[in-house]
Structures are given as structure tokens and as C-alpha cells.
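The residues making up each chain are set out below.
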Amino acid sequence: MTFAPPDVPLAPLLPILIALLGAVAATVLGFFLPRRAVTWIGIVALLLSAFSMGTLWNSGASAFAGSLRADNVGLAFGMVIIVGALISLLVSLDGAARASLSFPEFDAMLLYAVTGCLILAMSGDLITLLIGLEVMSLSGYVLATLQARNAAEEAGLKYFLLGAVGSAILIYGIALTFGATGSLSFAGIAAAISAPGFANGVLLGAGALLMLCGFGFKVALVPFHQWTPDVYSGAPTIVSIFLSTVVKVAAFAGMLRVFSGALYTAPAWPIIMQLLVIATLVVGNLASLVQRNFKRLLAYSAVAHTGFLGLTLLADPRAGGPALVYYLLIYTLMTAAAFAVVALIQPDERGVEVSDLRGLYYRSPALAAVLAVCLASLAGLPPFAGFMGKYLAFQAAFQHGFVVTTVIAALSSVVAFVYYLYPAALLFIPDRTPAPLPHTARRFTGPVLAVAVVGITALGVLPNLAYAWLANPADWQIQASK
Amino acid sequence: MIHVLIFLPMLAALIMALFPNRLRDEVATFAAAATLLIGVWIWVAGGAALVSVPWIPALGVTYSVALDGVSLLLSLVTAFMSLVAVVYCARRVQSPGTFLALILAMETGLLGIFAARDFVLFYVFFEDALIPALLMLAIYGKQHRMAALLKFGAYTLFGSLLMLVSIIGYRWLGGSLTFALTDLLAHPVTGRAQLWLYLGFLAAMAVKLPLFPFHAWLPDFHAQNHDSGVADLMGTLYKVGAYGLFRFGVSLFPDASEQLRYPLMALAAFTALYAAWIAFRQTDWKRLLAYAGLSHMGLVGLGLFSLEPTAMTGALYLLAFQNVYTGALFLAAGMLAQRVGNQNVQQGGVMTQAPNLSGLTMSLWFASIAVPGLAGFIGEFSVLLGAYQVSPWLAFIAGLSTIAAAAYALTAYQRTYWQVRPPGTVPAWDLRGSEWAVLGAPLVVAVFFGVYSGPALNLIQPAVRALGGLS
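Protein chains in written order, with my numbering: chain A, 1 to 482; chain B, 483 to 953.
Honestly, I wouldn't trust all of these hints.
Unchecked claim - Below, a sample of chain A positions facing chain B; criterion: calculated Cβ distance under 10 Å: (1) PHE160; (2) LEU381; (3) PHE384; (4) LYS390; (5) VAL407; (6) TYR422; (7) ALA425; (8) PHE444; (9) LEU470; (10) ALA471; (11) ASN472.
If you're looking for bench data, these hints aren't it; they were derived computationally from the structure. Cβ atoms here follow ideal geometry from the backbone N, Cα and C, with glycine treated the same way.
For reference, chain B alone in the conformation it holds in the complex (with noise of 0.2 Å):
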């Protein structure tokens, strides 16, 4: 079952050529919400036992996937927003078939990055999600894509080829026999060499967490990237830094992780503070919303790298929610922009035209700033709570951000939906069929986890406490 929900999206993606045009979104529909069941169905079932054959006996890669506890609901995650996203491309972009088979080949690369439990499965699968990612940003990109598109590609490989090295290395000097997440856990490798491999496998995922320096693609991704939002919001899915810390990371490289927990966690509560206070400057809706990503980022980082096992919680329960929302409010910047023409937050007046879309904008936002009652309160709380135990200054930094977010998500959002409609504009229409659901069911999720946080919760802490031994 873990096979067809990892493959079933790529291979609706190939065959989707074969359907007629007006078929083609029917079909790209019903395998993300196929995909989306049989994840449900996993889930009922306790999630998916390892499976491990072969890949490459030779070289000891072994195709080795499971699903549980935090992989589980990340995939979960991504197949509920990968649904949301082809509901949505299917009726905004103008002959869709090529952006849904490519945002359905990213569902592949990204569920198999959270079920791959051999370290170049995951590799091959981190770098699968790129392609898509960049073939949506070439073919459906704005003016200046080149650039963006050429940024984001090189920093994405800087990062992964030297986490290849690191793959290298670490079987080769741990002696394992194979690069299966069990077989390395048993032969680890220690001492310096594992702090410098440590660093290759960080690169990586610095990059895609991410974290200051190596954050620069992101703003001018979003920017570049099709009004409609969509790639955004798989770009969202695609920030996978925190979860490779999390499942390789910390397990294989606890030392170093313990070395540098100090260093980390300084860089990360930067990043968040220091994102929020760009995102405050920003005058266009997806730049604003890059940089509140990257803000929150920061908080997944704090919590991950303080090795505090609340902290860790909340981290991971950040990075799955932060996905809902901030990839719905990807997706309500692009209305705004189809209504509006642009993506600048100077409008004034939405909300008398478009009571509705404003909101269930306005909601969403609530939920990315950390309202009690919605999914973001539980995640950041938890991150601050655990960081503070470790390192009460660093957690008082990562927790301005906090409180800047609010201040940025407001202002933006009061001189957007707030304020008068300038004269002789477009009337903006309100919200018209899927639309409805394709903001509101984001946002049921992101209360529905802000209540009621057990179902999450159950998936994740096992696996934090699996981690063990770790203060």
C-alpha cells in the first residue's frame, strides 16, 4: 500500500498525457485524492511497517520505506494540501494539464523523501521534487524567473551534493554494510568525523529548512513563481530541511548535533527574528509571505536543534501545520492577485467587495501568527516552552518574532482588505465555488489541530521519544 501511495501521483502524472485535455484535471482530481484516502487508510491502520529489498546489492542501497509517527503526518500533510492545490490549479490555470502533472510528480518526490528510510533513497527523492519544482517555475514563471529559478536550483544542489558526500562517507567510515537508516544506526560513526560529515549532511538541509545565509532563493522563488500560488504552496511542502534533521539528523549524528546545539540555535532564532523584520518592509504579498515562512522556519530550527524533546514536538508540529496555512494563504494571494491583478498589499478596501475571501484570509492569518484556538498557537508555544529550558535568551529572540508577525501579517493585511477601495478599480468578486473549499478546508484543519491537538500529537511524540537519551 506504501508503494502506491508514494508512486501513485507520478504515475497519474506520466498517464495523464494519454487522457484528452478536458479529462486530464478529472484525473489529476482523483489520484491526489486517491492518494489522500490511501494515506488516511495508512494512518487508521497504524501506519505502514518497514519494507526493505534491494536496490543496488552491490553498492548496499536498499529501496527501504515506511511510514509512522512524524513521517505519516507530514506525508498526511502533503496529500491533503497536494489535493487542495490540483482542486485549485484545476480551475485558475488556463489548460492546466502540464502545472497538475507537475505539482503530482512532486507529490511523489516529496511523500517518498518522508517515507525513504535509506539515506540515498532519500537523497534521490530530495533531488526528484526538484525537478517538478523547477519545471513549474520555468514554465510558468514571471519576467525575472531565470535568475530566481537559477538561484534556487544552484543552492538547492550546493547543499544536497554535499550531503551525497557526507552519504558517502558516513557508510564508508561507519563500515555499514548497507546505507539502510537501521544498518547505519547500528554501525555509527564518531568523533571529528562525524562533525564534519555532520556539516555536509547540514548544508543540505540549511538549505532547505531554511536558515540564514542560505535562505536567499526563497523570496525570489515565491516572487517568480505563477500568480496563482500553487507552486508556492508545493514549495512550501518541499521545505523538508527540518524533517531531514529530524529523522537522519539528530539519530545519526547525535554528537555533533550536541556540539553544535548552541551555534544552531542562535543561527535559527536569527533567522526568525531577522525574517520577520524584512517581512515587516515587504510590500508584496508573496515576498511578505516567503519571509513569514522563513520566520517560522526560524522556530522549527530553534526547537529542533535545542534537542529538548518538547521543543522538538512543537517543531515538528509547526512544520506540519505551518504547511496548511501558509500554503493556503499562498493560495489566497493568488486570488487576491486574479481579482486584483497584482500581488501588492496597497489595495485598500478587499474586504467591502470580497467579504468572504478577506475572511478566511484574515483567518488563516491568525492561524500562521499564532492565535490560541488554531493549529500555529500549539506548534510555536511548544518550540518557545522546550528552547527556553535550553536557552532562555534565545528563546526570548526567536519569541519577538512572535509578536512581529502579528505586526507585519496586520499591517499588511489592514492596508489590503482594510481601508477604501481607491477609485475607478476593478470591483473585486468574492468567493465562487471550490474556492470555498479549497481555503476552507485549510482552515478547518488549522482549527480543528488548534483544539483538538491529540491525533497529532500521537504521531509525533513517539517518535521524539524514540530519539531517547537525548536531554
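This is chain A alone, in the form it adopts within the complex (with noise of 0.2 Å):
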């Protein structure tokens, strides 16, 4: 019997352990320093991070045997977490004592939730997608209650109770598919289903829809939604970005993995995965329809938008793919900038009425076109890039066969058009009886939002800039062949 080393290359695993030093270093550091130093530590964290994660592009590395990938795939999601990650904590300098939210435990937990979230958009197999799953998951619970103050006790509580259910049933469906295949990694789960005589079918079938339920939870798809508004608008502003950009970009990393490598070819879960695209477009969509206040409103869209990056892994993942990291890092900018402007003229965390956006082009003309290229880029109107998000998406679904959902998305875009113009509008429509904006301080936020926004057009005008990175077919033709 020979001795076996471990596969423990230190390369492929530095972003996700720069990110949890940081996340240590916040959490030791918290007691000797004041919270901003912190924060600063925590962002030159995520910067490392991600300049690691630069460093591996292309280079296709793995650690534990496979266990982890440091793969284009796991790095394209990664960066899109670390811009995320990054927004919030920018916007936290400025937000976080307003909201009685400046203390280091707040990026210290926001910390541990990147880590995660890193994890699990590089994991390899089943068992450090669940673990990156957790961290993510329970940082992100302690993040939703941080705030002394019911409606945020609240919003945790119901965040923790049903992300519990859905990591229960996720669990459930990895031991399905664990006992269907033999198998937890991503490549041998999908060599287990191609190979001839494989017989497990109807156990791979449940498996399969087990874990679509439990993602459905975390990524928001109806009818498994519900949480979604009240944890959203419940939360502090501040936390409402990292959890509505951030923790959905690493869920949908997981879902990637799952179904467009492992399962791509397993049977039944398509044909759900499609009826729950369609609800989640037809719900999310008439139900931001009807909200008044603005924070909700973007919370139902964010359920929206989960239909929309929903069509993508219906798709090839060789088209799907690569629409789904594009639109994500769109829908970080927009939607993270757009909870942004609201963290800055909301009088209090339950965030502002759309009625009272009437006139803020009077009151505030920098904030106010920040906001209107944010709605009009999530309504999806060129030459902002949530069109081309959009188009990527339906383009990708529509190509593998799904022509009947795409034109409901795309009727369902009609409605979205709808509720993002009636705010956008009243952004411009003069106010008689103006009320004050708070005065916050907007040192950091003001030039986040600046960059969001030339990185909005820019992107929408030169998706190349973004796209050509992530276009490579090889790159997408997922964990199955490798």
C-alpha cells in the first residue's frame, strides 16, 4: 500500500481563502479597530481575491481531486460575487451607521457569506456545493437580522425557517442522486447517467426534482418565492444588495453545475424546470405589478428576474452559459445600484413609496438618472445592457427548442416595462409639495453608482467587452466530458 498525498494544491483555492482571511481577519480585528478600517481590510480582501481569481483564468485548476474547480466557469460567477460583494460594502461605508448597522460583525458575516458563495460557484461535487451552500446561506441569515428592529428579526427569521426547508430538501435530493448514480461528483454523476444500461432512472428523476426544489428556494423561482419580498424589503437596505445580487449570483452558479453539467441529460427536471420558468415570469411580473413601495417592488423583481436567468439554464449550456454570468453581472450592477439610490433617499428601512419618487429629477438630478438608466436597464431597454441580458437569455432558450416560454417571457417583459416606467416616469413628473431627502452621506455611494452606471451602458453598447471572455463554447460544454 502506497501513501497517496492529497490533492492540496494551494493555487486554485486562494480566492476563496483570501476571502476567508479576510473574513477572520474582520471578525479578530473587529475588537481593536473601528468599523471602517475593517471594511477596508474586508475590501482589499475581496480585491485579492479577485485578482487571484485572474491569475487562474484559463488555467483549468483544480484541488481534492476535483473536488473544488478553479475553472473559468467557477472564476466568471466568482468575479460577478466579488463585484457584488464589493458594491455592498462600498455602499455600507456610507449607509451602514444610518441603519445602526456599523459594527464589524456586519462585514465580518458578509465576509464568511463571500467565502461561501465562492465555494460553491467553484465546487466540484455535490458535498462542497452543499457546504458552500451552508456558510453562504447561514452568514446570510445573520446578515438578514443584524438590525435591531422587528421588521428585520422578522425577515431573518422567515429567511432561516425557509431556507432550512429548502436546504432540507436539497439535502434529500443529493442523497437521491447519490444513490441513483453512485456517485457526488458533478463528472461522474453525469458519466454514471450517459453510460450504457444505467437503470435508476425514476430514483435520479425524484433526486433531480428534489434539488430543483431546493434551489427554487434559494434562487427564488415560484412557487417557492414567497420569502423573497419580505425578506428583501424587510432587510436593511444595505443588506438587501448583498442579498438580492450576491447570494443569488452563487445560487445560480450551484444551479449551473447541477443541471446544465451533472444532470443535463437526466430525465424529468427540464419539463418542471420550464412550468416554473413560466410561473415565476407570469407571478413575479403581475405581482410588481401591484406593489407600492419601491424596496418591494424591487424585491418582486428580483423574483421576476429570476424567470428571466431561469430561460438560460433551460438552455445549451454552451449558449445558456455564458448568458447567464453576462446577465448577472448585469443584474448586479442595476439591481444593486437601484437599492443603492433607495438606501440613500429612503427616510427609514422600510425604504420609500413609489409615489414618493414624484419629482426626485427636481430634487436630486444626479440620483434620479441614476435610478431611471438602472429601471430602464432592467425593463431591458437598449442601449443599456439589461437588454442584452435579455436577449442572451430568450436567444438561448429559444435556440434549444423552448419557443413557446420565450414568447411568454417575452410578453411577461411587456408587463416588467410596465411596472419600472410607472417610477422611472414619476422620477421626471414635477412634485407640488416636495418632501426633503434625507441628508446622507454619499461619499462612496456616489461614485459606486457612477460606476455602475458607465459600466450599464458600456456593457449594453459593447457587450463584447464582457462577453468575449465567457463566449468560449469550450469553457461551458460543462464538468460532463471532463
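Dock chain one against chain two, each of which comes alone in its own frame, and use the hints as you go.
Below, the structure is given as C-alpha cells:
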């Protein structure tokens, strides 16, 4: 018997380790340093993590015998995660004090969550995926309850209960899948399914559906979306930025790994996923239509966008994968920026009513312009990048034969346009009795918003800036062939 | 040069913010005039050849633009009327900076629509023009603008998103590598799929033609827009459905166009007559103009859907020049509103106080109701002549709308400008300074192309003939 050393190269782990180090540093140094200093340490850690991901690009490195993969798929999702986390941290520099969240535990929890997200995005088997998901979710529950306020505690509890149910279902699905295929790694599962004489179709199908339900909770697919509006609108706005972007990006990364990779040829789930996506599109968009609170509207819009994002999972991963990452990048920029504007103009953590947006253009032209760009982009109007995201998603689904779903998505976009247009137009309609805007610090939020708007516009006019990096089909010939 | 033409207005709209308030109208006027000059230059040079560079190579989306024939004519009209709009807006609206920027931003979208030779690029410009139009209505609209805005936006998006699905479908099912028009033409989709894709495309074009029953946004859009009529003029220019049908519809979907020829012609003829009938009952100049425009677009549709060369030529001629005189009439309505305080047609006696305004308005109306010797006549006559050969009855029904036009236009005109000015009303002043040019220049164009149609026909006819093979 020979001794085989475990396969633990350091390089593919670096992005995760750096984020984890940042989290530990934030936990420990929080006792000695002021909160702002801790936040800056976190920001530096995130930037270093992104840098290490840059150096790993195209290396295809992996660790723990393929349980952790720093392939381009994972790195692309990782970059988007870092973008969202950076925005959250920078905005919190301005908003945390006002939200009475200005203590280092906020940064520590956020960085732990990012660590989990990165593990999830780079996972190569179901166990790694589950660990990442749980680290991310547990930190997320804490973040949602961090503020001492009834609504936040309610949001956190709801998030925890439903999230825990989702995790439990997911684990059950993992168990059944393992039982059906005898493997936990994505490549192993895919190989087992496509092997001749595979006989456990029913068990596998059940496992796939349970996993779909579990992920459905995490990404807020209808009918598993009920927690979303309460949590996003109940949590402090600066936390909602994080939950609605980074957490969703990571959950979608996991979904792509599982469904477009391991289970790509498994039975049953595509038709159910199609139905869920249609339900999400219809319910998410129609429910947004009747919202009166702007923060809640953004929460429902996050559900609706899950529907559009879900289109890419129905597609061939070679078209759907790049579309998904591109859409998530844009989604992160525009949703985070919209929430950041809310954080600046909200009188309290309940957010702003849609009617209070009236005439914002005449009180604060810059903020109104930023919000208008975000809303136009969310609605999918060119030249903003939201259009490109939608176009890519539609195209990917259409080309894989989901024509009816695509048409439904197009029609529900019309509904989406109406509920984005209403607040966007109100911004520009003069208000006879304007309420004064709260005096809020904008030192960091301002530049973040500027960068986000430039990003939304530039990626809309020149999508190739990001898409060219992602478009290599070989990257997305997901783990199945590896 | 063609890229400068397309993007100069947008650039000017963006850098205008850098200039102090009092200089902004000069910047805008300069940019609009320069755009028109570049357009004329391209015209003199015989058009701009196709330029095609990859935009998103992985997806086959290209940036392909060209200006020839019909596109060039419509671009010139757009550039010309945008200049008129800028000149009028700069003097009419208080602190016009934002308004001017929106006009210019919209001009870029419109020029892009006409220049695009890639299906996705066409879509992008098509939607681009929507944002400034919505902002004009939101910032400068009237009391019930929100309803008008949502209606306008939802109708437009409804059509265009279905078109987007069609665009995606056409390339995929046809097997073309790019979305460039030349590539798509080389890889046509046939059979039933073509019909379905055409219906998706038609949804967008029917909203923007507009065609009954997709016209419901139009009257509110015009009634709620700023009194000056500048936004209405831009809205008129944005009615690009007929152009889209000509450039992409007939060439990419020949069989479906043929199959749907009679139903669509019937719908167009009905639109023309129905709109004229409703126009007759309107008491608001802008609503009346909205329905008058709709009626004209019914005729344009009739000509295009008939697939008959004479009628198509006439339709495009009418499309180009109704932009000129309908647009100018919106500005004339704006001038009237500035003088008497509202858009109501029952003013009475404006002629006695403002004879020149009344005279120019009447001449423009003559162009609109197709009096021979003015541009409207050539277009309408050709449409009816051509359509008659395809379907005499439908041509007859649509022809009734030209009679109705005279009735609604002259009745409304009589109530406003003739009759007696009621006692106690504010005296209306006559045209001043640049207002002469704002109404005069479009009228000169309408007269010139009413008498001498050659230059415009030379642009339209080769393009119509190039469609070839059409009966």
C-alpha cells in the first residue's frame, strides 16, 4: 500500500482562502479597530481574491481531486460575486451608521457569506456545493437579522425557516441522486447517467426534482419565492443589496453546475423547470405590477428576474452559460445600484413609496438619472445592458427549442416594462409638495453609482467587453466531458 | 461619414450639459444643422455604402449601416424636421436645454433605424428612440401624461419584444451566421415558420405604423405632450413601421407578405377611413392631427401591403413627406396654443388677427389633404392608383378617407381661423421672427416636392425595383 498525498494545490484555493482570511481578520480585528478600518480590510481582501482569480483564468486548475474547480465557469461566477460584494461593502460605508449596522460583525458575516458563495461557485461535487451553500446561507440569515428592528428580525426568521426547509429538501435530493448514480462529483454523475445500461432513472428523476425544489428556494423560483419580498424589503436596504445580488449569483452558479452539468441528460427536470420558469415570469411580473412600496417592488422584480435568468438554464450550456453570467453581472450592477439609491433617499428602512419618487429629478438630478438608467436597464431597454442580458437569455432558450416559453417571457417583459416605467416616469414629473430628501453621506455610494451606470451603459453598447471572455464554448461544455 | 451622421446628434445631446445654459440652444441648433448638412452631403455623394463590422462576434451580431434610396430620403427628412424642431423649441420652451438634448438623442435613434442593415441593430435603434420620447412626455407632458406614457410604452414594447423573438427565430431557423440583412436574405426561412415569424415582426410594425387596432396609444400620446407640438413632431417621425415593413418585412418575409396581402390591405384601408371618421369629431387640434396622421398611415399601409410597385413608391413618398407637413402642422397647433391658450378648435377669427399664421397653416393643411401641386397629392394618388390594380374595392374605401380629410380639416380650420373672434379674448399675435422659417421651410419642401417629385422618386424607385419579382 503506497501513501498517496491528498491533492491540495494552493493556487486554486487562493480566491476562497483570501476571502476567508478577510472574514477571520474582520472577526478578530473588530475588537481592536474601528469598523471602517475593518471594512477596508474586507475590501482589500475581496480585491486580492479577484486578482488571484484573474491569475487562475484559463488555467483550469482544480483541487481535492476535482472537488473544487477553479475553471473559467467558477471564476466567472466568482468575479460577479466579488463585484456584488464590493458594491455592498462600499455602500455600507455610507449607509451602515444610519441603519445602525456600523459594527465589524457586519463585515465579518458578509465576508463569510462571500467565502461560501465562492466555494459554491467553484464546487466540483455535491458535498462541496452543499458546504458552500450552507456557509453562504447561515451568514445570510445573520445578516438579515443583524439590525435590531422587528421587521428585520421577522425577515431573518422567515429567511432562516424557509431557507432551512430548502436546504433540507436539497440534501434529500443529493442523497437520492447519490443513490441513483453512486457518485457525488458532477463529472461522475454525468458519466453514470450517460453510461449504457443506466437503470435508476426514476430515483435520479426524483433526486433531480428535489434538488430543483431546494435550489428553487435559494434563487426564488415561483412557487418557492414567498420569502423573497418579505426578506428583501424587511432587511436593511444595505443588506438587501447583498442578498438580492451576491447570494442569487452564487445560487445560480450552483444550479448551473448541477443542472447544466451533472444532470444535463437526466430525465424529468427540464419540463418541470420550464413550468417553474413560466410561473416565475408570470407571477413575479404580475405581482410587481401592484406594489406600492419601491423597495418591495425591487424585491418582486428580483423574483421576476429569476424567471428570465432561469431561461438560460433551460438552454444548451454553451449558449446558456455565458448568457447566465453576463445577465447576472448586469443584474448585479443594476439591482445593487437601484437598492443603493433607495438607501440614500429612504426616510427609514421601510424604503420609499413609489409615489414619493415623484419629482426626484428636480430635487436630486444625479440620483434620479442613475435610478432611471437602472430602471430602463432592468426593463430591458437598449442601449443599456439589461437589454443584452434579456436578448441573450431569450436567444439561448429559443435555440434550444423553448419557443413558447420565450414568447411568454417576451410578453411578461411588457408587464415588467410597465412597472419599471411608472416609477421611472414619476421621477421626472414635477411634484408640487416635495418632501425633503434625508441628508445622507454619499462619499462612497456616489462613485459606486457612477461606476455602475457607466458599466450598465458600456456593457450595453459594447457587450463584447464582458461577453468575449465568456463566450468560449469549450468552457461551458460543462464538467460532463471532463 | 455615415457614423458621424448617426451619432453626432447624440454626442451633441451629451456634451450640451457641459455648456452654460444660454449657449445650449446654439449648440443644439449647430448640431442639428450640421447633421442635416452631412445628410445632404451623403445624398450628393450618391449615398453611403454598406459598412459592416462585427459587434458581438460570438453571437453574429454586426454593426452594419448603409444609407441609400429610401433610407436616405427618410434620414434627410428626419434631419430636416429635427432641425426645425430644435429651432422652434429653442425659442418656444423656457430653459430648453433638456428638451433639446432629448430631441437630438431621439434623432440619433431615428437615423439609426433608417441606416441599420442588421436586424438586431435595427431593434436596438428602434428602442433607443423610445427613451427620449418617453422622457419628453414625462418631463414636459400635461396632467394625464402618466396614463398616456404607460399606454405608449406598453404598446411599443409589446410589439418590439415579439419582434425580438422573431429576429432571434429568423436567424436560427434560417441558419444564417449573422444578423446582417444580406446574410439573412441569403438564408431565408420558408413555409409556416415564415408566417409565424412575420406575425411577430408585424406586431412591432403595426404598433409603429400605426395600424388599427394597435393605434390606441396615439391620440393620448399627442394630446398629453407639450403644447409646443415639438414632441409630437418627433413622435410623428418615430412612426417608422412602414419603413421597417419595407426594408425588412417585404424582403425577408415575401411569402407571408403575399399570403397576408388582402387581410392587411383591408385593415389598412379600414384604418384610413376609421381614423378620418374619428378625426371629424375631434375638438382638439392635436387629437385631430393624431387621427389625421393615423388616416394617412392607413394609406401608407395600403400601399405597402399591396406589394404593387406604384403603390409602394407612393406609400414611401407619402411616408416621407407627411412627416414634413404633419410635423409642421403640430408646430402650427403649438403656435396657436401659445397665442390663444389652448388647443381647442372652436376659437373663431384667428385669421383676422394673425393672417400669416393662418395662411401658412392653411397651406400646410392643403398639403395634408392632398391638394394637387403639394407633396401629399403625389403620394396618395400613387397609392390609390397602385392599390386599385390589386383590389379596386379596398382602394375605393381608402379613397373615401381623402374626401373625409378635406371635410374634417376644413371644418376644424373654419371654426378656428374663420368665423368671428369672440369678444373679450386675448388678441392673437402674428408670426414673429423664426416662426416664419419654422412653418415656411416645411411648406417650401411640400410645394417643391409637390411640383418636382424627381429627386425623391429617384431615391425611392430603385429601392422598390430592387425588391424585384413582386407583382
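Hint check results:
{"no.": "1", "hint": "PHE160", "verdict": "violated, 38 Å"}
{"no.": "2", "hint": "LEU381", "verdict": "holds, 5 Å"}
{"no.": "3", "hint": "PHE384", "verdict": "holds, 9 Å"}
{"no.": "4", "hint": "LYS390", "verdict": "holds, 8 Å"}
{"no.": "5", "hint": "VAL407", "verdict": "holds, 6 Å"}
{"no.": "6", "hint": "TYR422", "verdict": "holds, 7 Å"}
{"no.": "7", "hint": "ALA425", "verdict": "holds, 4 Å"}
{"no.": "8", "hint": "PHE444", "verdict": "violated, 24 Å"}
{"no.": "9", "hint": "LEU470", "verdict": "holds, 8 Å"}
{"no.": "10", "hint": "ALA471", "verdict": "holds, 4 Å"}
{"no.": "11", "hint": "ASN472", "verdict": "holds, 9 Å"}
Consistency with the previously given hints fails for numbers 1 and 8, ordered from lowest to highest.
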